Each structure stands twice: as structure tokens, then as C-alpha cells.
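**Q** Line order of the protein sequences matches chains X and S. Counting with our numbering, you get residues 1 to 447 for the letters of the first sequence. Counting with our numbering, you get residues 448 to 894 for the letters of the second sequence.
Quick caveat, the hints were computed from the structure, so don't treat them as lab data. Computed from a prediction, not measured in an experiment: that's the story for all the values here. It cannot be assumed that every hint is accurate.
Below, computed lysine-lysine pairings styled on BS3-like, alpha-carbon distance capped at 25 Å [what the hints assert, rightly or not]:
1. X:K189 / S:K593
2. S:K800 / X:K283
3. X:K189 / S:K673
4. X:K189 / S:K506
5. X:K146 / S:K637
6. S:K506 / X:K226
7. S:K472 / X:K4
8. S:K593 / X:K59
9. S:K596 / S:K644
10. S:K673 / X:K225
11. S:K653 / X:K226
Protein chains: 2
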Amino acid sequence: MSFKVTEDYIKSLRQVLESKDSGLKDLLVELHAADIAEILTYFSIDEVLQLLDALPKEKLSGILIYTDEDIREEILETLTGSEIALLVSDNMNTDDAVDIISELSEEKKHDVLSNIDDLDFAKDLADLLTHAEGTAGALMATELVKVNKNWTVLRCVREMRRQAEEIDVVHAVYVVDNNDILLGSLSLKKLLTTSTKTEISEIFEKSIRSVTSTTEDAEVTRVMKKYDLFVVPVIDEIGRLLGRITLDDVVDIIQEEADSNYQLMSGLSDEVSNEDGLFQTTKARLPWLLIGLLGGVLTSTVISGNKSEITLIPQIVFFIPLIAAMGGNVGVQSSAIVVQAIANSTLQKNIWKRLARELGVGLFNGLICAMVIVIYSWAMGQGFLFAIAVGSSLLAVVLFASLFGTAIPWVLNRYNIDPALATGPFITTTNDVLGLSIYFAIANALL
Amino acid sequence: MSFKVTEDYIKSLRQVLESKDSGLKDLLVELHAADIAEILTYFSIDEVLQLLDALPKEKLSGILIYTDEDIREEILETLTGSEIALLVSDNMNTDDAVDIISELSEEKKHDVLSNIDDLDFAKDLADLLTHAEGTAGALMATELVKVNKNWTVLRCVREMRRQAEEIDVVHAVYVVDNNDILLGSLSLKKLLTTSTKTEISEIFEKSIRSVTSTTEDAEVTRVMKKYDLFVVPVIDEIGRLLGRITLDDVVDIIQEEADSNYQLMSGLSDEVSNEDGLFQTTKARLPWLLIGLLGGVLTSTVISGNKSEITLIPQIVFFIPLIAAMGGNVGVQSSAIVVQAIANSTLQKNIWKRLARELGVGLFNGLICAMVIVIYSWAMGQGFLFAIAVGSSLLAVVLFASLFGTAIPWVLNRYNIDPALATGPFITTTNDVLGLSIYFAIANALL
Numbered sequence: 001m002s003f004k005v006t007e008d009y010i011k012s013l014r015q016v017l018e019s020k021d022s023g024l025k026d027l028l029v030e031l032h033a034a035d036i037a038e039i040l041t042y043f044s045i046d047e048v049l050q051l052l053d054a055l056p057k058e059k060l061s062g063i064l065i066y067t068d069e070d071i072r073e074e075i076l077e078t079l080t081g082s083e084i085a086l087l088v089s090d091n092m093n094t095d096d097a098v099d100i101i102s103e104l105s106e107e108k109k110h111d112v113l114s115n116i117d118d119l120d121f122a123k124d125l126a127d128l129l130t131h132a133e134g135t136a137g138a139l140m141a142t143e144l145v146k147v148n149k150n151w152t153v154l155r156c157v158r159e160m161r162r163q164a165e166e167i168d169v170v171h172a173v174y175v176v177d178n179n180d181i182l183l184g185s186l187s188l189k190k191l192l193t194t195s196t197k198t199e200i201s202e203i204f205e206k207s208i209r210s211v212t213s214t215t216e217d218a219e220v221t222r223v224m225k226k227y228d229l230f231v232v233p234v235i236d237e238i239g240r241l242l243g244r245i246t247l248d249d250v251v252d253i254i255q256e257e258a259d260s261n262y263q264l265m266s267g268l269s270d271e272v273s274n275e276d277g278l279f280q281t282t283k284a285r286l287p288w289l290l291i292g293l294l295g296g297v298l299t300s301t302v303i304s305g306n307k308s309e310i311t312l313i314p315q316i317v318f319f320i321p322l323i324a325a326m327g328g329n330v331g332v333q334s335s336a337i338v339v340q341a342i343a344n345s346t347l348q349k350n351i352w353k354r355l356a357r358e359l360g361v362g363l364f365n366g367l368i369c370a371m372v373i374v375i376y377s378w379a380m381g382q383g384f385l386f387a388i389a390v391g392s393s394l395l396a397v398v399l400f401a402s403l404f405g406t407a408i409p410w411v412l413n414r415y416n417i418d419p420a421l422a423t424g425p426f427i428t429t430t431n432d433v434l435g436l437s438i439y440f441a442i443a444n445a446l447l
Numbered sequence: 448m449s450f451k452v453t454e455d456y457i458k459s460l461r462q463v464l465e466s467k468d469s470g471l472k473d474l475l476v477e478l479h480a481a482d483i484a485e486i487l488t489y490f491s492i493d494e495v496l497q498l499l500d501a502l503p504k505e506k507l508s509g510i511l512i513y514t515d516e517d518i519r520e521e522i523l524e525t526l527t528g529s530e531i532a533l534l535v536s537d538n539m540n541t542d543d544a545v546d547i548i549s550e551l552s553e554e555k556k557h558d559v560l561s562n563i564d565d566l567d568f569a570k571d572l573a574d575l576l577t578h579a580e581g582t583a584g585a586l587m588a589t590e591l592v593k594v595n596k597n598w599t600v601l602r603c604v605r606e607m608r609r610q611a612e613e614i615d616v617v618h619a620v621y622v623v624d625n626n627d628i629l630l631g632s633l634s635l636k637k638l639l640t641t642s643t644k645t646e647i648s649e650i651f652e653k654s655i656r657s658v659t660s661t662t663e664d665a666e667v668t669r670v671m672k673k674y675d676l677f678v679v680p681v682i683d684e685i686g687r688l689l690g691r692i693t694l695d696d697v698v699d700i701i702q703e704e705a706d707s708n709y710q711l712m713s714g715l716s717d718e719v720s721n722e723d724g725l726f727q728t729t730k731a732r733l734p735w736l737l738i739g740l741l742g743g744v745l746t747s748t749v750i751s752g753n754k755s756e757i758t759l760i761p762q763i764v765f766f767i768p769l770i771a772a773m774g775g776n777v778g779v780q781s782s783a784i785v786v787q788a789i790a791n792s793t794l795q796k797n798i799w800k801r802l803a804r805e806l807g808v809g810l811f812n813g814l815i816c817a818m819v820i821v822i823y824s825w826a827m828g829q830g831f832l833f834a835i836a837v838g839s840s841l842l843a844v845v846l847f848a849s850l851f852g853t854a855i856p857w858v859l860n861r862y863n864i865d866p867a868l869a870t871g872p873f874i875t876t877t878n879d880v881l882g883l884s885i886y887f888a889i890a891n892a893l894l
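Okay, chain X solo, but in the shape it has when bound (with noise of 0.2 Å):
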């Protein structure tokens, strides 16, 4: 039922492009804007903007809210602040219309705007820019049904068939009073089964929850996840209904959310595109390597600091890097547990008893790895005694890896920095340098 894109698709989408063939806006034409969306993303811009040109000019606007921000940038590059008026006056709701306008520059933004005819719309795009990005206004449409509490039925059908004519879909039905406070929401089950002559104010839901212009978009995620909320509306300070969100802005935000949290963990810097160029992508993961490589020389340090040792006991060289490896890989688990328990404000509960439960998982984890180990090194014929020293040193890294994982995404959450950052090379870099101190001290005390 649903179309999708085949490699074998795209490449004859090229043939007919190549060989300027007339049949190229049949190929295209019936498809959802959606899907020619995806399609661009496999097109050099050059090629993208030819795609476009074989399309009727009214498919322009759909397509544009489904297109990748890279590949619309380039787009909207090659048109004039009056085209780019046009575009998203045509059938465009206020949340995707500023999308695109708050990509353009300063000089363009004012230019749209004063070429768009419908001044009310203009107006509200305005309006909507003027909102901090990351905030409920910024993510909201003002396209909505709203009716006054002292109408009848009869006369909120009647209204709302007016102000439908507008909307393309009616998410909700909200109530206010005369000075447009929002005072709760009417189900279209109510309005189909109560007579025309009944006043909305019997009959409307009361409770309602609603969102703030200034609420940041973590928490109207969470807010509509724990509901279930399929759209929210959003007020000022004083209650006056402003605009409304709906779920699927807030599935983009999950995803993006989950997407940023992934790349910090690879120690990627955020907002890394697959698009980018051999330069953005070398700059967004230089500094994590360059911590790497500062870890790898503090070890170093470690390591040149107990040559006499190594001397003396050439096979403490073996386990170096098994005892690096064993600290970062327990903090990390360690860590991503209380990353993911912040994440879903699960945490505040009790930090004791993570912590102690930590411990007792480090322990049972480290006696079986580190059991394992002196076995291991015994039966190579590197001595008990040595075989002791390594695997009290193994059982000691992990003890203390699970506690530093479980601590620092703690303290770094307190400190409002994103905890997910602790998931990253730095906890391994960490582990890696205070794992070897730890694994020489104790072959110090023990050889």
C-alpha cells in the first residue's frame, strides 16, 4: 500500500533525468510529497533542483516540509523572498511555515514576510519567530478550533464548519471565555450526542492540561508521553490560548534526542549529519580523540613511573591493556544505567541504594572476571603470587569503575551538564589512567 524507495527506482529516476525525457513528472507526479522528499536524498542539489523544476509548481510547498534541512537550505538558496511567500502561504500550517522561514537569513525572513498577502498569517508567523527555539512556542501551530463557552450547540457547529474550513484536520476542540483564556477542551462524542439548543459551558471537559509558551520541549515531551496526549494546547502567562502541539513534533524530538545521546556516547559531537563534508566531520570528532590521546599519555606517565617495576617483573606489561579495558567497559555500563534512569526521571529515588547496588554487581562481576584471570595467568605459568597481584588488581578496577560510572553522570546532572557526555570517552579515558595506578600499586604492595 505504501510506496518505497528502491535502488532500482532511483537509478532509472536518473535515466529519465539524464536523457531529459519528458516522461520524468509522470514518474514523480502521483507520488505523496513525502515520498519525493526521500527521493532527493539520493540526488546531487544540481539534480535535485531539475527534479523539482519537471514538478508542478503547487507540489513545491509539500514537498518542502518533508525535505531534509540540508537539501532545503540548498533549495530555498535558489528562490526569492517573494517565491519562498508563495510557497508557504499555499496550504502551509504556521509550525511547518516557520520551520522554513527560521532557517533564512535575517534580510530574507523580513523579505517573506512582507510578501506574504494573507496579513493574519503573516501575523502569526511573526508572532511564532519571535518564540526561543527549544520552547513550546517555537514547536507550536497557531491553526486550531476553538469556541466560547456561553454558545450553544447549534452555533459551535456552525463555527466550527467556518473555522474548518481552514484546518485541515481538527485535533481538538478547544473552550475559552470572552477574553480567550483556554477553560478546558469538548469531545466531538459530546457534540454529536447532546442536543443543539444545550450551552457549551454544561458540557465541556474541564480538566485540561496545557502547556506554557516558555515550557522547554523536555518537558512537554514528557508531559505528552505521560498522558498520552495526541496534541496539547499552549497559553501565556495569563491563560490565554496561544496554539497547540501535536504529537507528531514530539516524535521528531525523541528521535533527535535519541539520536544526540547515541553520538555523544560515540563521541561524536552533536548535530554530526550524515551529509557533511570530510572537514565538519573531522572537526566533530577531533576533541574526543584528542582527550583519547591525553588519557593515553597520562597513562604513559603512569606507566614510565613504575619502569623499575616492570623491570623487575617484565609479565606485568601483559594485563596492561586487559586492566584499561576492564575499568572503561564496567564504567560504562555502570554509567549508561543512571544516564538512561535520568533520561527517563526514574533517578531522584535513591542514590544509596544504586550506589550499593552497583557495588554488589561490580563485586559479583569482578570475583567471577577476576577468578577467571588468575586461572588464566596461574595456568601460563606466571606464578601465584603474580597471578593474585592481577586478579585483586582486576577485582579492584571494576569495584571501583562501577562506582565512579554510577557517580559521575550523577554529578554531572547536578551540574545541569548533559550526563550523556559521561557515556563517552571521557569515562574510559578516566578508568583507563586511575585502572593502571590502581593495577600498580597493588603489584607494588603484593611483589
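Starting from the structure of chain X, add chain S where the hints point.
**A** Below, chain S alone, put in the same frame as chain X:
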């Protein structure tokens, strides 16, 4: 506007609970079911049962929908089949009811189903329970509003009114033929703005995106995200309308997928929960640590195989952790990008181009890091040739790890293994072993 659970609130609630004060009910009864469900996570199971006991029976059904699986399981264990039958029959949608029933033992499942009075509801549940987990069929609910294409708008509104009696929210109005085959959807706007005598067949929207009951969760997610759908109809193989899936279910899937990727990457087995006991937590982490241990043992053999070299040039040991760690860091960076591209299905485009770019980035970053380390080592008086050996080893390791990190998740994906595995301890461990081998080989050749 929205209630927030604070530590203070929990503390005072616990006091009231312990004092067996009758005020408990008043504290909770006004809260949203989702809030009560969140509160429950702060208490032991005995306290949870006490809290629920204090509430009016009719609240329990709503609370169960929002309660964490672990706690819900324990609550359900204290209830009989007929008690659960009453709960799920009480205003619960079929998808939520199935979520709850599917967690029960086969015997109890049967007990619950045979105790449901509403036979149609019981039949729907029994049907839904037959769908395999992870498919659209297991995700859908059967509550929906459908109209026949031959009806007039008037009859349609009358029938919708009847159907809406049993349904909380009308997400969409589906149009079917006499055989229940899905034909399209009807917008509320059309319904509100068309004369009551018009036939539905003249005004309904024929292009509709649907999934079949066997469509996998990931594909349902992809379709709903791509086309910005709030609800998608589910049909059987011959096109009959079976149910619908709403975006809130997809939000849960996206979140679970993100969590699971994050855990895999941190070396935690899937489905580890915050509330797991010591034994389960240990079990979830030990496999990854044992893989790490195996890697450590392998590196120890690599080092012991180069014993003579170490005796000749003792400073070679200093940079062992650095070489190992940098290989791991670069490998994780490269693989994370590929894993994310696979997840967003933007990979297929050009694996060769990607490999080339990763090599380019590796070359850049490798050269910068190598230069830093050459200068450092030389400045530390470790000899120019030695510094060059360390630097060129680092460059080789970084280049190798870039290629390896790019290829591994791609190969895993080809063989239908979750590529997220590649960014876990697996790639770090492999890179440790290979990195050190390269290091010793180059040192051997140069010195």
C-alpha cells in the same frame, strides 16, 4: 497546570501511609491515573497494594494502563481472573486490555477471557491475542468509527453518533464497502461542510495509507513517521479493516528502540530494567565483560609474544594503552555513524563513498593525533626514531579502525544481526588486539 511528583510529596505520602490515616484517599483521588502510576514506582509492592486499596475500585482500571510492567505484574498476581475481567471490561480499549492480558499465564488468560460479559469485546480480545508480538496486529486496537460508502451524510452522522457512544476519541472515520474492505477515509471537515443528502462515496478521500496485521513494528513506525500520520488503519490480506494503530503506540516503540540501542552499545544485555535484582543485573552485564576479558587475554598474548622487543626498547610499553584506546575510540565513532544511518535507512546509498570518506576523516584525524604524539614522545627524550614509530603506528591504527568500524555494522546488518552490537564492547575489544599487533609490527620494522 500539570502535577509533578516531588521527593517531598512522596515523603508526605509515605507518612500518611504509615500512620494508616484515612486521608490517603483524599490525597490521591483527584490525581490523573498516570500520576498515580508514577507515584507507585516509588513504593514497595506491599505499599503499592495498600495505596491501591485506599482508592475507589473504579480508578484501578485506568491506573493499570499507565503502570510499569514489573509493578503491574505484581498487582495482577493478587487478583483473580474474574476481577481482572471486570477491570479490562471497564472502559478499557482493546489494545490496552490485550497488553494486560498477554502478560498473564495461559491458564489465567483463559480464566479472564471467559469471565468477560461483553461477548463482542471478549471475541475481539481473543482475536487480538493471536497476533505475533512485534507485528501491527499485536499493536492495534479494534475501536474505530467506520461508515459504509453507500450511506448518506445524514445516516453517516447518525451511525457515527451510535458508534461514538462506545469510543473515547474519534481518530479517523474509515469508509468500507459491504464486505468491510477498507476504501478510504472521511474528513470531519467534509462531513461538516457537505449537504446531509450527499452519498459518502462522492466525498470520501480514496488515497489512504494502511498496514497489514503482519507488518512489523519497525515498518509501522517508519510509515507513520514518514507520512506524519496520527493513526493508521490495519487491514488483513484481502483488505478488510481490522483495527487501527495510533501514534502514541509508535512513540513507545521509538523510545524502546532508542533505549535498547543505548544499552547494547553500553554492554548491557537487552531488556535490563532499573528495578532488576542483583542477580539479573549481574547476568545482563557479565557476557560483555567476559568478551572484554577474552580480548584482554588476547592482547596479553600479543604482548608476551613481543617480550624480546620490550626488553630491548622498554619505552615501547608506555604507549600500549594509548594505541589500544585510540583504536577503540575511532572504531566506535565510525561504526556509530553507520549504525545510525542504517537505523534511519539512509545507508544503502553508497557504501564505497562512505568508506572513502571515513578513510579521509581517519587520515586527517590520524595525522593530527600522530603529530601530537610524535612531538610529545620526542620532547620526552624517547628518541626520534621511536617517536616516529609510535606516531606511524597510531596513524595506521586510526586508519584501520575507521575502515573496520565502518565495515563491521554494515556486514552485521547484511546478515540480519543488529548492527548496534558493533558499537558495543565488541569493536573496542577487536580493535585493541589488532591495534597492538600493528603497533608491535611497525616498531619491529622501524627499530
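**Q** Hint by hint, say whether it matches the structure.
**A** Here is how each hint holds up against the structure:
no.	hint	result
1	X:K189 / S:K593	holds, 15 Å
2	S:K800 / X:K283	holds, 19 Å
3	X:K189 / S:K673	violated, 30 Å
4	X:K189 / S:K506	holds, 22 Å
5	X:K146 / S:K637	holds, 18 Å
6	S:K506 / X:K226	holds, 17 Å
7	S:K472 / X:K4	violated, 54 Å
8	S:K593 / X:K59	violated, 31 Å
9	S:K596 / S:K644	holds, 13 Å
10	S:K673 / X:K225	holds, 20 Å
11	S:K653 / X:K226	violated, 34 Å
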